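Enquirer: Chain by chain, the residues run as shown.
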Amino acid sequence: MLQITNLHAEVDGKPILKGLTLTVNAGEVHAIMGPNGAGKSTLGYVLGGRPGYEVTGGTVTFAGQDLLDLPPHERAAAGLFLGFQYPVEIPGVSNVQFLRESLNSQRRARDEAPLSGAEFLKLARAQAGALEMDAEMLKRPVNVGFSGGEKKRNEMVQMGILNPKFAVLDETDSGLDIDALRIVGDGINRIMRAPDKAVLLITHYQRLLDYVKPDFVHVLADGRITRTGGPELAHELEAQGYAQVAA
Amino acid sequence: MSLKLRAMRRWLPKRMDTLTLPSARDEAWRWSDMATLEAAREIKRVAGHVGSTARIGDGPRLVFIDGYYDPDFSEPGDLTLERVEFTSTHPLGQFAAGQGYELRFPPASFTAPIEIEHVVVGEESHLPLRFVLDDDAVVSVVETYSGGGWSNRLSEFSLGKGARLMRAVRLLQDEGFVSIRDEASIGEAASYVATFLGAGGMGSRIDGFLRLDGVGAFAEMGGALLTRGEQKQEAAVAVHHAAIEGTSRQVWRAVAADASTASLAARAEVARHAQKTDGEQSLRGLLLKRTATINLKPELEIFADDVKCAHGATVGELDAKALFYMQSRGIPEPQAKALLTHAFVADALDRIGEESVRDAFKADADAWLEAAL
Ligand SMILES: Nc1ncnc2c1ncn2[C@@H]1O[C@H](COP(=O)(O)OP(=O)(O)OP(=O)(O)O)[C@@H](O)[C@H]1O
Ligand SMILES: [Mg+2]
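Chains P and U, in that order, are what the protein sequence lines are. Per the numbering used here, the first sequence starts with residue 573, numbered consecutively. Per the numbering used here, the second sequence starts with residue 132, numbered consecutively.
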């Protein structure tokens with residue numbers, strides 16, 4: 573589904589990704605762990621096409637097409653979803669307005685009929701309900717005044733509504749309380765665990781992986797994948813730290 | 132619908148030839164685009180059909196063509212327009228001095244929203260209008276400027292005790308210039324609220340002076356100016372607190388694209404005896420391109436000591452993080468920019484109380500955004 577080959581990228585002229593190679597097949601969940609500043613979020617942004625994150629080498633193929641050739645909104649329409657480490661606040665734009673515009677833009681790009689206001693609201697309420705988010709929050713401006721945990725939960729409500737093929741979830745677990753972690757974990761499984769979908773979970777902790785069982789665990793350090801293993805690698809890292817395991 | 136215009140040339144009073152336009156050397160007019168105003172006077176008058184804006188409600192409708200009331204296209208209902216004389220010393224207002232119209236609203240009367248349409252098809256037209264609201268009268272007005280040429284309006288508002296006037300004014304001329312001079316006297320516990328939207332292709336000067344004359348009066352003048360191309364629009368307004376316990380609000384938003392210029396100058400004056408004044412002034416600009424210009428000039432002139440006056444003035448650009456966030460969800464860049472800009476402008480347009488009017492104005496702003504982004 574996703575092939576990243578020898579990817580190099582820089583921000584403000586500073587090389588961050590230095591030859592990253594990774595393949596994710598449909599039906600798989602991959603976890604990426606790694607020290608602060610290693611380039612994990614950068615990888616997510618590069619996949620999403622954020623301006624300022626300049627690809628200087630390598631290729632990324634997504635569902636058979638050159639991902640790097642597409643503008644950000646077309647990547648989304650092709651089925652890519654980026655769960656942000658720091659979800660952005662948008663004053664004056666309600667969640668409902670934002671998400672309906674998002675979904676219908678994607679649908680138009682795929683030559684599907686846009687959803688009516690009523691159809692969309694029904695879908696949005698169902699997804700908010702499944703993630704135990706108060707439907708009232710859908711009316712509020714996007715992420716404005718949301719707590720850290722509420723923002724992360726809102727990311728998952730968005731994912732549920734947009735129903736992507738491939739999700740990069742950047743520290744979606746950080747900021748969540750114990751109950752929310754379970755709800756979000758269940759949500760990821762419900763929305764993304766399917767034979768034609770795949771997930772890249774960026775995380776620092778084992779606890780999310782207790783709910784969303786990864787097929788592969790990778791260590792990203794200094795802009796490269798330095799080690800790959802099964803779920804046991806996450807336990808090993810938690811016990812011994814990056815210095816020991818991935819050096 | 133469209134209006135059919137008679138190809139009749141109306142002669143302007145001779146004395147106007149002796150009046151001179153304000154100069155950019157005058158501080159109060161340094162951002163004004165008098166060149167566009169001069170050019171607007173030369174736009175050839177065209178006879179024939181002129182597009183007219185859709186009606187918002189089913190209240191009275193007053194149509195002014197080239198500055199003259201047109202009974203054929205108007206549906207005044209119970210309203211009567213009385214002919215009265217106007218004088219003015221205002222640099223642009225003086226051009227409109229002479230014969231004009233007065234609308235009177237009796238005590239405790241309530242009038243369905245009045246739609247006033249200004250259709251100008253070239254050259255210059257001048258219209259003086261006076262609104263007199265007796266005690267406790269409630270009036271709502273929607274005004275639309277369309278066409279081309281120079282459209283010059285002088286307005287006087289007089290609000291009796293407890294009267295309420297809600298005005299929403301949209302400048303939608305394709306070309307030319309719209310100048311507006313408003314003067315209001317607001318009585319005890321009366322409320323005057325005016326919201327402007329400049330979303331056409333013309334140059335503009337929105338000029339106002341609101342006096343809070345009665346105890347506990349409320350005055351609000353604000354809106355949004357949207358400029359693109361080489362266009363210049365400007366609002367230069369002042370509220371004057373002449374009595375105690377008055378409240379004033381000046382919420383203005385400017386959005387400038389391309390190489391355009393939007394300018395906002397707002398002043399709040401508080402007289403020495405006008406204690407317990409509550410004033411708020413918020414001027415914000417959004418540059419859609421670095422080649423555009425936004426000028427903001429907030430001014431407070433406070434002579435009383437027991438006064439609460441908040442003010443802020445900032446110019447910024449669209450939030451790049453928010454733009455990427457929206458694009459990453461599938462929204463193409465122009466639509467993402469339009470959503471953010473719409474939200475920015477909404478601060479000002481949300482002050483329009485009547486929902487149908489607010490929606491119509493937001494639709495005009497959205498149409499502008501779609502064309503500009
Ligand atoms: N605009 C920038 N200019 C210079 N360096 C930058 C810029 N943005 C990010 N970086 C650097 O890129 C490196 C990678 O950052 P990134 O956010 O990808 O790390 P991360 O692995 O996600 O870390 P964390 O676990 O703390 O979230 C960091 O050293 C960061 O300081
Ligand atoms: Mg990170």
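Honestly, I wouldn't trust all of these hints.
Sample of chain P residues facing chain U (criterion: CB under 10 Å; computed from the structure) [said to hold, decoys possible]:
1) 641
2) 644
3) 647
4) 668
5) 671
6) 698
7) 702
8) 709
9) 734
For lysine-lysine, the following DSS-like pairs were computed, each having C-alpha atoms within a straight-line distance of at most 30 Å [claimed, not checked]:
10) U:452 - P:711
11) P:737 - P:769
12) U:439 - U:428
13) P:737 - U:407
14) P:723 - P:711
15) P:769 - P:590
16) P:737 - P:785
17) U:420 - U:452
18) P:586 - U:493
19) U:439 - U:407
20) U:439 - U:420
21) P:737 - P:723
22) U:439 - P:723
23) P:785 - P:590
24) U:452 - P:769
25) P:694 - U:493
26) P:711 - P:694
27) P:769 - P:785
28) P:694 - P:723
29) U:175 - U:292
30) P:769 - P:723
31) U:428 - P:590
32) P:769 - P:694
33) P:711 - P:785
34) P:711 - U:493
35) P:723 - U:452
36) U:292 - U:439
37) U:452 - U:407
38) U:420 - P:586
39) U:292 - U:407
40) P:694 - U:452
No lab work stands behind these hints, which were simulated from the structure alone. Since we're looking at a predicted model, the values are computed, not measured. Virtual Cβ for every residue (Gly too), placed ideally from N, Cα, C.
Enquirer: For this structure, which hints from the list above don't hold up?
Expert: 1, 4, 6, 7, 8, 13, 18, 20, 22, 29, 31, 33, 37
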